[in-house]
Amino acid sequence: MSEANTSRKKLGEYLLEAGLINEQQLKEALRRQRQTHEPLGHVLARQGMVTEADICRVLHQQLGLPIVDLQSIAIDDQVIALVREDLAKKYTAIPIELENRSTVRVAMADPLNAQALEDIRFQSGYFVRPVLAPPSEISEAISKYYHIDASVVEILEHIIKNDPIAEVREIVAPEGDESLDELMKVSAGPPIVRLANWLITKAVEMRASDIHIEPQEKALGVRCRVDGLLQDLERLPKWTQGALVSRVKILAALDIAEKRLPQDGSFRVELDGRRVDLRVSTLPTAHGEKVVIRIVDQERSALHLDSLGLTETGLTRIRAYGRRPQGIVIVTGPTGSGKSTLLYSLLQQIHTVTKNIITVEDPIEYQIGGINQVQVDEKSKKTFAAILRAMLRQDPDIMMIGEVRDLETAQIAFRASITGHLVLSTVHTNDAPSAVTRLVDLGLQPYMVASSMIAVISMRLVRLLCPKCKDQYVPAGDELRILGLTAREAQSITLHRPVGCDYCGQSGYRGRTGIFEILELDDSLRRLIASGAAESLIRAAAIEAGMTPIGEDGLAKVLAGETSLEELRRVVFYEEEAGRVCATCHETVASEYHYCPHCGHPVTTVCLKCDRRVDPSWGYCPGCGTRRDPAVEAEAPDELVGGPPSPVSGRRRAGQRF
121 MSEANTSRKK
131 LGEYLLEAGL
141 INEQQLKEAL
151 RRQRQTHEPL
161 GHVLARQGMV
171 TEADICRVLH
181 QQLGLPIVDL
191 QSIAIDDQVI
201 ALVREDLAKK
211 YTAIPIELEN
221 RSTVRVAMAD
231 PLNAQALEDI
241 RFQSGYFVRP
251 VLAPPSEISE
261 AISKYYHIDA
271 SVVEILEHII
281 KNDPIAEVRE
291 IVAPEGDESL
301 DELMKVSAGP
311 PIVRLANWLI
321 TKAVEMRASD
331 IHIEPQEKAL
341 GVRCRVDGLL
351 QDLERLPKWT
361 QGALVSRVKI
371 LAALDIAEKR
381 LPQDGSFRVE
391 LDGRRVDLRV
401 STLPTAHGEK
411 VVIRIVDQER
421 SALHLDSLGL
431 TETGLTRIRA
441 YGRRPQGIVI
451 VTGPTGSGKS
461 TLLYSLLQQI
471 HTVTKNIITV
481 EDPIEYQIGG
491 INQVQVDEKS
501 KKTFAAILRA
511 MLRQDPDIMM
521 IGEVRDLETA
531 QIAFRASITG
541 HLVLSTVHTN
551 DAPSAVTRLV
561 DLGLQPYMVA
571 SSMIAVISMR
581 LVRLLCPKCK
591 DQYVPAGDEL
601 RILGLTAREA
611 QSITLHRPVG
621 CDYCGQSGYR
631 GRTGIFEILE
641 LDDSLRRLIA
651 SGAAESLIRA
661 AAIEAGMTPI
671 GEDGLAKVLA
681 GETSLEELRR
691 VVFYEEEAGR
701 VCATCHETVA
711 SEYHYCPHCG
721 HPVTTVCLKC
731 DRRVDPSWGY
741 CPGCGTRRDP
751 AVEAEAPDEL
761 VGGPPSPVSG
771 RRRAGQRF
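Taking my numbering, the leading residue of the sequence shown gets 121, the next gets one more, and so forth.
Don't take each hint at face value.
[Claimed, not checked] The list that follows gives simulated cross-link-like pairs (lysine-lysine, DSSO-like), each with its CA atoms no further than 27 Å apart:
1) K499 x K410
2) K147 x K129
3) K210 x K130
4) K475 x K499
5) K210 x K147
6) K410 x K475
7) K410 x K379
8) K588 x K502
9) K210 x K281
10) K209 x K130
11) K281 x K338
12) K129 x K210
13) K379 x K501
14) K502 x K475
15) K499 x K379
16) K209 x K338
17) K379 x K502
18) K379 x K338
[What the hints assert, rightly or not] Computed spacing ranges between beta-carbons, pair by pair:
19) Q191 x R394: 38 to 44 Å
20) D352 x E498: 32 to 38 Å
21) Y623 x D526: 24 to 30 Å
22) K501 x Q182: 56 to 62 Å
23) Q155 x D189: 28 to 34 Å
24) P357 x H471: 45 to 51 Å
25) P357 x R151: 36 to 42 Å
26) H278 x T431: 47 to 53 Å
27) A440 x E686: 32 to 38 Å
To be clear, the hints were calculated from the coordinates, so they are not data collected in a lab. Quantities reported herein were computed from a predicted structural model and do not represent experimental measurements. Using N, Cα and C, we set each Cβ at its ideal position, and we do this for glycine too.
Modelling step: build the complete structure from the supplied sequences, incorporating the hints.
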């Protein structure tokens, strides 16, 4: 719509035509307007003649202009700067968005005011495209955006009032980082700087691994991921979105003018004398740019194998893998399961002056002194495969590859492991046996996987129960089915559950530990893999060779009071991967076993004729139709073998699932 068209009629005429006011009311409003110099819409609304919604509706119907909700719009500082505050107040208008290089959208109470359109165009240097908004919302937005420092101060005062121990502490750039030194000088700087500083310091205090700044329709949500789960940190007004996001982008050296494409950056700060690395990722969403800040606290992220939750046997095995002269070790698990931490800890363990260790990562998460770490950069053609080919010419002893994600990377990695290099890497799969089939699916030959692979380590992270408030209880109900116990057998079992206190932030948990599944290849497993065996056969053979399923390892931590059964079920698909508890010796037993390998007593009910697992309530075996006699079955193990049976004799057949 052109400005010439908007000047043909005035607001009062449209309201008269719509029947919302009469001639007498219009004359009275115009008289008052001459006295107060306010927009006509303000006078009419204040006198109760019409409502702001009525005015917007009539103008929308007559002019076809859209009505915008200013509470759901985040306006950038650059856009606000196009129009002076005195002009915005005079015409009750506020710029909200640059449509292109020549046009700015302006929310106006009276878009029919030709003088207002002309003055705003002249002052901003842009063509004006008017949209409608209620005058009260425009006035509120003007007071917020043109005095954002004072508005943010109110938010900080509110935060401190609700959280007396909250404080906005100083975070500065480490010495030598001149670009950040000026940006993060003191907490007494601009209020938006103080707000960003508070969010970072609060998240670090909470031991958070990530900060999520999430634009919503009428607010800005801030959440933190603590011990693997997100929790609310603060809910901020929508008008803080542009300034806060811009502040974070400036810190990460990102382009604040680019809002349509994802960006990645990083920065480093010193908080209370310790170094904290922060990686920033932005993503355009329907309501604005979402920002995720990954926090890597170098002091709290201690890289020690013995602090990851491994058993003594598992720890010994992994240390032995690090001493191998060649071969490949794969760590698998979903995103955020601790794979990188395990690999870094192993590198820290085996790093010596006599070894040349090179890593290729995307991104580099931890800086380790004495190790050559290379960052992948697709833009400059530094891909995993290209860097790996160059690494092989750098005389490496040990190579760490952030992730095997395509055939080319997999082929280079496995050929390197055959030609005298120890290779460490990760693959995204659910368990250790499926990592083998995943590599074959990528295009590797089964014989290559079988000949060069040393082991696959699958891991998850479970939250540790708070030591100050965890509560003891005897399992009951559905938990008995999971544990494989009767109510009488469970009386001697004690589990723990979360309660919540100030020490753990009322969550009942504090910290995390790993649960593991280590598939170590022996000759029989290598033959199975080379023959292209199914994943279920590999899994059954691995358990028979001594692999502890990840669920069984987790269940052992549940029985030890380190975590809860509920938490274990959240992290692993329990029915598939967990174990049971032997009612006699209270040791954990893999679900594949019929008999406890520790004491030889049966842990499941099986048919004596076909060896198929059956439910205790069944009268007949569904496999062979044999009538069951529970009294005979209870005595069968000792009668059949003259003592506690070998665990091998009672194992499920390879690949058989019930």
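How the hints compare with the structure:
1. Between K499 and K410 the alpha-carbon distance is near 23 Å, which keeps this suggested pair within the 27 Å criterion.
2. Taking the CA atoms of K147 and K129, the gap is about 16 Å. The hint holds against a cut of 27 Å.
3. For a cut-off of 27 Å, the pair hint linking K210 to K130 stands: about 17 Å separates their Cα positions.
4. Between K475 and K499 the CA atoms are separated by roughly 31 Å; this puts the pair beyond 27 Å, and the hint is violated.
5. For the hint pairing K210 with K147, the CA-to-CA distance comes to about 22 Å; that is within 27 Å, so the pair holds.
6. For the given pair, K410 sits about 42 Å from K475 by alpha-carbon distance, which is inconsistent with the 27 Å threshold.
7. With a C-alpha separation of about 10 Å, the suggested pairing of K410 with K379 holds against the 27 Å cut-off.
8. Annotation: proposed proximity of K588 to K502 is violated, straight-line Cα distance about 49 Å (limit 27 Å).
9. A distance of roughly 36 Å separates the Cα atoms of K210 and K281; the hinted pair therefore is violated under the 27 Å criterion.
10. In summary, the hint linking K209 to K130 is supported, as the alpha carbons are separated by about 20 Å, within the 27 Å threshold.
11. This hinted pair checks out: K281 and K338 have alpha carbons roughly 23 Å apart, not beyond 27 Å.
12. Note on K129 and K210: the hinted pairing holds, with a Cα-Cα distance of about 20 Å set against a maximum of 27 Å.
13. Note on K379 and K501: the hinted pairing holds, with a Cα-Cα distance of about 25 Å set against a maximum of 27 Å.
14. Of the pairs offered as hints, the one joining K502 and K475 holds, with about 24 Å between alpha carbons and a cut-off of 27 Å not exceeded.
15. Restraint check for K499 and K379: the C-alpha separation of about 19 Å stays at or below 27 Å, so the hint holds.
16. Simply put, K209 and K338 have alpha-carbon atoms about 23 Å apart, close enough for the 27 Å limit, and the pair holds.
17. At roughly 26 Å between alpha-carbon atoms, K379 and K502 fall within 27 Å of each other, so this suggested pair holds.
18. Of the pairs offered as hints, the one joining K379 and K338 holds, with about 19 Å between alpha carbons and a cut-off of 27 Å not exceeded.
19. At about 40 Å, the CB distance of Q191 to R394 agrees with the hint of 38 to 44 Å.
20. Between D352 and E498 the CB atoms are about 35 Å apart, so this pair conforms to the stated range of 32 to 38 Å.
21. The hinted window of 24 to 30 Å between Y623 and D526 is violated, with their beta carbons roughly 46 Å apart.
22. A hinted range of 56 to 62 Å holds for the C-beta pair K501 and Q182, which are about 58 Å apart.
23. At about 32 Å, the beta-carbon gap between Q155 and D189 stays in the expected band of 28 to 34 Å.
24. The hinted range of 45 to 51 Å is satisfied by P357 and H471, whose Cβ atoms lie roughly 49 Å apart.
25. Roughly 38 Å separates the CB atoms of P357 and R151, a value that falls within the hinted 36 to 42 Å.
26. The beta-carbon spacing between H278 and T431, approximately 49 Å, falls within the hinted interval of 47 to 53 Å.
27. Under the hint 32 to 38 Å, the C-beta atoms of A440 and E686, about 35 Å apart, fit the expected range.
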